[in-house]
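A.B. asks: The residues making up each chain are set out below.
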Amino acid sequence: MLEQYIGATVMFIMAIGIACGMVFMTSVLGPKRHFAEKMEPFECGEKQIVSPHQRFSVKFYLVAVLFVLFDIEAVFFFPWAILFKKLGMFGFVEMLFFIIILGVGLCYVWIKGGLDWE
Amino acid sequence: MFVDFLITLVKILFIFGVTVGFFAPVLTWVERKQSAIMQDRIGANRADILGFTAFGLFHIIADALKMFTKEDFIPRGANKALHTLSPIVALIPALITFAVIPFGGVYTLFGKEVNLVISDLDVGLLFIFAVASIATYGYVIAGWSSNNNWSLLGSIRVAAQMISYEVTMGLTIIGILMVYGTMRLTEIGAIQEDFWRWGIFLQPVGFFLFFAASIAENKRIPFDAPEAESELVAGYFTEYSGLKFGMFFMAEFVEMVTIGAIVTLLFFGGWNLPFVTMDGILSMFDFLGETGANIIALLIHVGVFFAKVCFFIFFQMIVRWTLPRFRYDQIMKLGWKILLPLSLANILITGAVILALE
Amino acid sequence: MEHIPAPAIDFISLAPALILSVFGMLVLLMDLFAGKNKNLLVFASLVGLVLAGVSAFAPKALPVVSFGGSYVVDHLSVFFTLIFVFSSALTILLSIEYNPRNGIRAGEYYALILFCTVGMILLASATDLIMIFLGIEVVSICLYVLAGIKRGDVKSNEAALKYFLLGAFATGFLVYGMTLLYGATGTTKLAGIAEVIHSGQTNSDTLLLLGTVLLIIGFGFKVASVPFHMWAPDVYEGAPSPVTAFMAVGPKAAALVAFYRVFATAIPEIGTTWDTLLMVVAVATMVIGNFGAIVQTNIKRLLAYSSISHVGYLLIAIIARNSLGGSAIAYYMMAYAFMIFGTFGIVILLGEKNSENLEIKNYAGLGVKQPAIALCMTVFMLSLGGMPPFAGFIAKFYIFGAAIKEGYVVLVVIAVLNSVVSLYYYLKIVVLMYMKDSERELELSMGPITLAVVAIAVFGTIEMGLFPDPILQLTQ
Chain A
1 MLEQYIGATV MFIMAIGIAC GMVFMTSVLG PKRHFAEKME PFECGEKQIV SPHQRFSVKF
61 YLVAVLFVLF DIEAVFFFPW AILFKKLGMF GFVEMLFFII ILGVGLCYVW IKGGLDWE
Chain B
119 MFVDFLITLV KILFIFGVTV GFFAPVLTWV ERKQSAIMQD RIGANRADIL GFTAFGLFHI
179 IADALKMFTK EDFIPRGANK ALHTLSPIVA LIPALITFAV IPFGGVYTLF GKEVNLVISD
239 LDVGLLFIFA VASIATYGYV IAGWSSNNNW SLLGSIRVAA QMISYEVTMG LTIIGILMVY
299 GTMRLTEIGA IQEDFWRWGI FLQPVGFFLF FAASIAENKR IPFDAPEAES ELVAGYFTEY
359 SGLKFGMFFM AEFVEMVTIG AIVTLLFFGG WNLPFVTMDG ILSMFDFLGE TGANIIALLI
419 HVGVFFAKVC FFIFFQMIVR WTLPRFRYDQ IMKLGWKILL PLSLANILIT GAVILALE
Chain C
477 MEHIPAPAID FISLAPALIL SVFGMLVLLM DLFAGKNKNL LVFASLVGLV LAGVSAFAPK
537 ALPVVSFGGS YVVDHLSVFF TLIFVFSSAL TILLSIEYNP RNGIRAGEYY ALILFCTVGM
597 ILLASATDLI MIFLGIEVVS ICLYVLAGIK RGDVKSNEAA LKYFLLGAFA TGFLVYGMTL
657 LYGATGTTKL AGIAEVIHSG QTNSDTLLLL GTVLLIIGFG FKVASVPFHM WAPDVYEGAP
717 SPVTAFMAVG PKAAALVAFY RVFATAIPEI GTTWDTLLMV VAVATMVIGN FGAIVQTNIK
777 RLLAYSSISH VGYLLIAIIA RNSLGGSAIA YYMMAYAFMI FGTFGIVILL GEKNSENLEI
837 KNYAGLGVKQ PAIALCMTVF MLSLGGMPPF AGFIAKFYIF GAAIKEGYVV LVVIAVLNSV
897 VSLYYYLKIV VLMYMKDSER ELELSMGPIT LAVVAIAVFG TIEMGLFPDP ILQLTQ
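Residue numbers (my numbering), protein chains in the order written: chain A, 1 to 118; chain B, 119 to 476; chain C, 477 to 952.
In isolation and in its complexed conformation, chain A is listed as follows:
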């Protein structure tokens, strides 16, 4: 069973090697000339006025929550889709209800303005 994954695992290890090798190469080969002005974070030539490490708009959290909701729903579709032909009418009707419930949720979010980005 796990034999299937041998190839992917080897590839994964090699990919780590490639990626780490690249990072290593660039840090070894490049020149190193540090001075205070250069090390400033880029702010179009200005001094950094606000620190980036602060709260950001709640809109993004909302998207994250919606993602969790809808992606979990999407996960339920996968096994159902594979077995769709075997489940026949019963599976279709069940999923119809599922999609309707999902649709109610989408409608709710939509009309409440959760998807609007001002």
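Note that these hints are calculated values from the structure, not bench results.
Careful: at least some of the hints might be erroneous.
[To be verified] Calculated cross-link-like contacts (lysine-lysine; reagent style DSBU-like; alpha-carbon spacing at most 30 Å): (1) A:K112 / C:K829; (2) B:K451 / C:K512; (3) C:K837 / A:K112; (4) B:K455 / C:K512; (5) B:K188 / A:K47; (6) C:K904 / C:K631; (7) B:K188 / B:K151; (8) C:K912 / C:K845; (9) C:K638 / C:K837; (10) C:K631 / A:K59; (11) C:K512 / C:K631; (12) B:K451 / A:K112; (13) A:K47 / B:K451; (14) A:K59 / C:K512; (15) A:K47 / B:K184; (16) A:K59 / C:K837; (17) B:K184 / A:K112; (18) C:K829 / C:K904; (19) C:K912 / C:K829; (20) C:K638 / C:K829; (21) A:K32 / B:K451; (22) C:K837 / C:K631; (23) C:K638 / A:K112; (24) B:K198 / A:K32; (25) C:K904 / C:K837; (26) A:K59 / B:K198; (27) B:K188 / A:K32; (28) B:K455 / A:K59; (29) C:K829 / C:K881; (30) B:K451 / A:K59; (31) B:K198 / B:K184; (32) B:K184 / B:K151; (33) C:K829 / C:K631; (34) A:K112 / C:K631.
Got chain A sorted already, so can you dock chains B and C onto it with the hints?
C.D. replies: Below, chains B and C without anything else, positioned relative to chain A:
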């Protein structure tokens, strides 16, 4: 056992050679050259060796040299470890998604069955989604660890955009799964030996939805708000230089190849030529013996596969140089209000049609 | 191609949960188009609850088992379904006048109550650990939001956040306990667990005991028993009054019935190992609940502590682990629903536009100015204290009867002594109402619907006290 492992190793090296060694560098040139042609400019033609420019192909070498020898820059106040980690996290998923994508069928070479896929997983498609979504972390960490406002804005946009389109992308391929009834990509490819069972005929809407969602997932124009250079300098990789910067680009180009490969495999017959079956090729080249005929079939199939992939890469580039960038609210609106309901409707209609036909 | 057959599900036995789910979604959608007027939502929710209550009687022959033995509809679950539907309906009735006065405008309020009721019904019928977890989560998530539905109010926000954080933590314990139980027995079905224990084929007795302890912690939190009661006073105080009443009855009853089912059907065989622990918990819950209530000056906090002490009595029924205990819990929760909704109805009546008047001293002089309301309050207080001839007495009587039948005499004696202590603070309010003059004039908001709820509650409290038999027969 050892031979199997050796074959796997060869396949892996082949894939890395094709994606990292060939496509990623050449695509940087193709992108420039194509934009030049489309915008009626002369384009990349300056790098030369002894006066030869070779259509600017030497720019690839020049770029590579430049990236390797640039200073590895980490700004003050940045989180050094995470700053270094993020390009690695972004690149690795792009490299290993190819592990489950078959670039050819099954061939009998010297009495041994060779399957042209590195890992023939029964959950292949799920593997792609699972691995590809990890890349989001790389981009988010990149922006957050840079101690730069532009980067942070870019990374927040990346996070929101990628997770939004991941939902759609997951739902768009449900139709394909329903039609084929399997998640094993080699099986999906094999089914499409019959030209009229190509995904594009069975799931035309699914194709457009999936293609749009996957371009958005790869953050390319017209969905490149996270790195919009006219708004955010360079978005999440503003503070990256040298090869670390190059790795983000490499990830993007490799993902273009991956998208091309998935689209080919799911919707355009994979390695199959229209109306030409495996048996047809084998019987046509029967005079070369079993192994010989199989080698010919292998070459044809791999060639066909990558020709199709090249076409879809080309297509993505045309899209890029044709359309302007969407506004961020338009991107989110497209994802949640148009693609998501459409893909849900696609699932229902597909189900109804399948049931009606049975 | 061979088809996968559709599983046989008796939809009629599922009807209450299905109806409420549909109405919940309907209310949610109606809210999007209803605008400011929430009357339609209230009406739809009440219709849904009534339909669900009626449909609970639909199954012809009980018990009905569905979903491969993880969902059962028996007399106990039908009765609890009635308690849930009834308490949700009373909550909505209490909210009609309370919500506009206190600036709760969200239409989701009603949908959440309906969804919460669905969760409670699932919980009462669940005979599988996963189903129980599902029910508990549905109930809890709705309650987290309901507790914080007064969005402008700091106390309400605090209540919601506290409840959410602690609740999520406790759920972790619960799931861990279930996992260990599954690990020890290899099944999540309650009957299956009992069978494995009976045949002595458990994988590890240590896991089994550890799982039991973790389950006690998890359920202990959900029913607010000592030492996991700390959230209750704060949450009860901060949440809107109808929601507080709702939390004190519906979800608590649901958690208790699941508690009872797990401990009385799945692991009664190892009862001697956990009943000592549960006895300590029960005694501590009664003592700390009652003595904590004595020092309170806020009526909602007082009722919170009193509800903790009531959980102590109810745990005795679980310890007894006989069928009498199950019906005693059911009877007790029904009586408790009447008492609590009546009391909270009066608490809501006392509220004014800008102040809810939750201090106990606000009740001074009520006996002179509003003799009828004061009388009702006296009835509820005496009933909560377990005085005959009210419902509270009979309810306690049955619980103690179930425990004595199994020989837990000491426990019952402690419980009776605790009831005596509890009378002190219940009667304190009565004394305050009749024997003290009010400090300032209260503008009572005599909402007719809230008054009607109080009237129903008084009727129920007295009726169940005088004629307990019909209700008791329903529970058996």
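A.B. asks: Please list, smallest to largest, the hint numbers that this structure does not respect.
C.D. replies: Numbers 3, 13, 16, 17, 21, 29 - these are the hints that the structure violates, sorted from lowest upward.
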